[in-house]
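Using the sequences and the accompanying hints, generate a full structural model.
For the record, the sequence lines run as chains A and B. Residue numbering for the first sequence follows our numbering, starting at 5 and increasing by one per position. Residue numbering for the second sequence follows our numbering, starting at 29 and increasing by one per position.
Derived from the structure by calculation, the hints contain no laboratory data. Even for Gly, the Cβ is constructed at its ideal location relative to N, Cα and C. A hint or two may mislead.
[What the hints assert, rightly or not] Non-contacting residues of chain A with respect to chain B, defined by C-beta distances greater than 10 Å in every case (computed):
1) LEU9
2) ARG14
3) TYR15
4) LEU18
5) PHE23
6) ASP86
7) GLY129
8) THR168
9) TYR193
10) ASN242
[Unchecked claim] Dumping the calculated DMTMM-like pairs for lysine to aspartate or glutamate here, alpha-carbon to alpha-carbon at most 20 Å:
11) A:LYS7 - B:ASP40
12) A:LYS28 - B:ASP132
13) B:LYS102 - A:ASP123
14) A:LYS7 - B:GLU241
15) B:LYS42 - B:ASP82
16) B:LYS106 - A:GLU120
17) B:LYS102 - B:ASP132
18) B:LYS56 - B:ASP206
19) A:LYS28 - B:GLU103
20) A:LYS25 - B:ASP132
21) A:LYS21 - B:GLU100
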Amino acid sequence: MIKFLSQLGRYFLLLKKVFSKPEKPSVYYKQTMHELVFLGLNSIGIVTIVSFFMGAVITLQTAYNTENPIYPTYLIGLGTRDSILLEFSSTIVALILAGKMGSNIASEIGTMRVTEQIDALEIMGVNSASYLILPKMIATLFFNPFLTIISINVGILGGWLAGTAAGVITSEDYIYGIQYAFIPYYIVYSLIKTVFFAFIITSVSAFHGYYVDGGSLEVGRASTRAVVHSSILILLFNVILTQLLLS
Amino acid sequence: MIRVKNINKSFDDKKVLDDVSVSFEPGKTNLIIGRSGSGKTVLLKAIVGLHNVDSGEIWYEDVLFNKLGFEEMKEIRKQMGMLFQGSALFDSLTVEQNVRFPLDMFTKKSLEEKTERVNFCLNRVNIIDANKLFPSELSGGMKKRVAIARAISLNPRYLFCDEPNSGLDPLTAILIDDLIKEITEEFSMTTIVNTHDMNSVMEIGEKIVFINEGVICWEGSKDEILKSDCAILNDFVFANALAKQLRESGK
Numbered sequence: 005m006i007k008f009l010s011q012l013g014r015y016f017l018l019l020k021k022v023f024s025k026p027e028k029p030s031v032y033y034k035q036t037m038h039e040l041v042f043l044g045l046n047s048i049g050i051v052t053i054v055s056f057f058m059g060a061v062i063t064l065q066t067a068y069n070t071e072n073p074i075y076p077t078y079l080i081g082l083g084t085r086d087s088i089l090l091e092f093s094s095t096i097v098a099l100i101l102a103g104k105m106g107s108n109i110a111s112e113i114g115t116m117r118v119t120e121q122i123d124a125l126e127i128m129g130v131n132s133a134s135y136l137i138l139p140k141m142i143a144t145l146f147f148n149p150f151l152t153i154i155s156i157n158v159g160i161l162g163g164w165l166a167g168t169a170a171g172v173i174t175s176e177d178y179i180y181g182i183q184y185a186f187i188p189y190y191i192v193y194s195l196i197k198t199v200f201f202a203f204i205i206t207s208v209s210a211f212h213g214y215y216v217d218g219g220s221l222e223v224g225r226a227s228t229r230a231v232v233h234s235s236i237l238i239l240l241f242n243v244i245l246t247q248l249l250l251s
Numbered sequence: 029m030i031r032v033k034n035i036n037k038s039f040d041d042k043k044v045l046d047d048v049s050v051s052f053e054p055g056k057t058n059l060i061i062g063r064s065g066s067g068k069t070v071l072l073k074a075i076v077g078l079h080n081v082d083s084g085e086i087w088y089e090d091v092l093f094n095k096l097g098f099e100e101m102k103e104i105r106k107q108m109g110m111l112f113q114g115s116a117l118f119d120s121l122t123v124e125q126n127v128r129f130p131l132d133m134f135t136k137k138s139l140e141e142k143t144e145r146v147n148f149c150l151n152r153v154n155i156i157d158a159n160k161l162f163p164s165e166l167s168g169g170m171k172k173r174v175a176i177a178r179a180i181s182l183n184p185r186y187l188f189c190d191e192p193n194s195g196l197d198p199l200t201a202i203l204i205d206d207l208i209k210e211i212t213e214e215f216s217m218t219t220i221v222n223t224h225d226m227n228s229v230m231e232i233g234e235k236i237v238f239i240n241e242g243v244i245c246w247e248g249s250k251d252e253i254l255k256s257d258c259a260i261l262n263d264f265v266f267a268n269a270l271a272k273q274l275r276e277s278g279k
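If you want it as structure tokens, here you go:
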């Protein structure tokens, strides 16, 4: 318990350091642009692929589990849309990004720690925590909502293609279903969750990387801890946010 | 002048620095020597503020450095340059970007002015036509020289070098030593070098501090080191067979 509280204290102290005034905003701006490409644009591929196939599977699963004449087939489209909007594109994609971005951030910062690059920044008078973490945080907070929007669209497209190709639903029914009883707030709900999850992924992973002590083996362990802890926190905050935002 | 007064540092139950007091002469190449694990890297990192000491004082001129807050400490740190054991060049930046980094961060110079300064620093350490290379494409000696160029890019008052010769062949090691000494004299810096290499001691040492098991055992010049009565120091200085033979033959 003491160890947990001590780690929690270190985490918040790190955040305080991260959010202190940047030395030179123009350098931070450039770094943020770099992170937008590195963490954001480079994640479009995996989000697109996963979303497409998950959308396809959700449609097929819904179709095979609601194979009943009393259910109108457009409900397959509705089910796919709501599953993707409410859970998949925010939570599941966040878990996938925790693996990709989280391990990336923790290993990058951890390697900089063990190779004394962070010490070099400190010696120069640079706030290393802010310089290394803040641009990543801004980039993910800004870009992850776009990834969620891409995921929603690609997931619904995947469902349509799989559903019509497998013959479980007609194109007209699917399109009618995804428009039926649409609640725009679900998109807001999904994007709010995405922003929280982006903060968790970046801050928790950076925390584990920043405080690595040891060598390459420790960097690997920190990377694993970053993914595990981010994922657990995402699931925990998913429950809390769902209760707060949908109740 | 950098002065260290009665500093103590422990990691868990292990005492690494025990009541260390020493002053380093301005404008000279000061060497901290000692065996591996003797506490010299901890002492150097304590001096630059990378390790917090348990007690004691670290003075830069008339500023009590180790009691400063983060922001005030940053102002002193802008006057420091440091060469790390593994060079600590930023992997994602090219040679030119590495050397330009402190200039980007702390000056308002134009890109042309910064590039001019970068080229001056790189020429000074004899790195030619390597501006666009990444650290992974450089040899160990080149990495050290680029790290020196980065360390001097802001004209620091203080230069710190942690094991500058580690992992280098003897000839490259001498080149790096000479470079550190030349730069110290040329820019009137106070330089502190951490080493266990006796060649460095004889090549560049102006003031030498010997540390053993966290305690300063001896201080003096390179001429005095060969005539010292300190047994632990003599064991260290004359550790290799050639040095032993020379000593026994009275040379």
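Here's how the hints hold up against the structure:
1. LEU9: holds (19 Å)
2. ARG14: ARG14 of chain A is indeed farther than 10 Å from all Cβ atoms of chain B, at 14 Å.
3. TYR15: At roughly 18 Å from the nearest Cβ of chain B, TYR15 of chain A sits farther out than 10 Å, so the non-interface label holds.
4. LEU18: holds (13 Å)
5. PHE23: holds (13 Å)
6. ASP86: holds (42 Å)
7. GLY129: violated (4 Å)
8. THR168: At roughly 45 Å from the nearest Cβ of chain B, THR168 of chain A sits farther out than 10 Å, so the non-interface label holds.
9. TYR193: Since the minimum Cβ distance to chain B is about 37 Å, TYR193 of chain A lies beyond 10 Å and the statement holds.
10. ASN242: holds (33 Å)
11. A:LYS7 - B:ASP40: holds (15 Å)
12. A:LYS28 - B:ASP132: holds (8 Å)
13. B:LYS102 - A:ASP123: With a Cα-Cα distance of about 13 Å, the restraint between LYS102 of chain B and ASP123 of chain A holds, given a limit of 20 Å.
14. A:LYS7 - B:GLU241: violated (31 Å)
15. B:LYS42 - B:ASP82: holds (12 Å)
16. B:LYS106 - A:GLU120: holds (18 Å)
17. B:LYS102 - B:ASP132: The given pair, whose Cα atoms are some 16 Å apart, holds under the 20 Å limit.
18. B:LYS56 - B:ASP206: Distance ~13 Å between LYS56 of chain B and ASP206 of chain B Cα, so the pair holds.
19. A:LYS28 - B:GLU103: holds (14 Å)
20. A:LYS25 - B:ASP132: holds (17 Å)
21. A:LYS21 - B:GLU100: Since the Cα atoms of LYS21 of chain A and GLU100 of chain B sit roughly 15 Å apart, the hinted pair holds (cutoff 20 Å).
Violated hints, listed in ascending order, are 7 and 14; each of the other numbered hints is respected by the structure.
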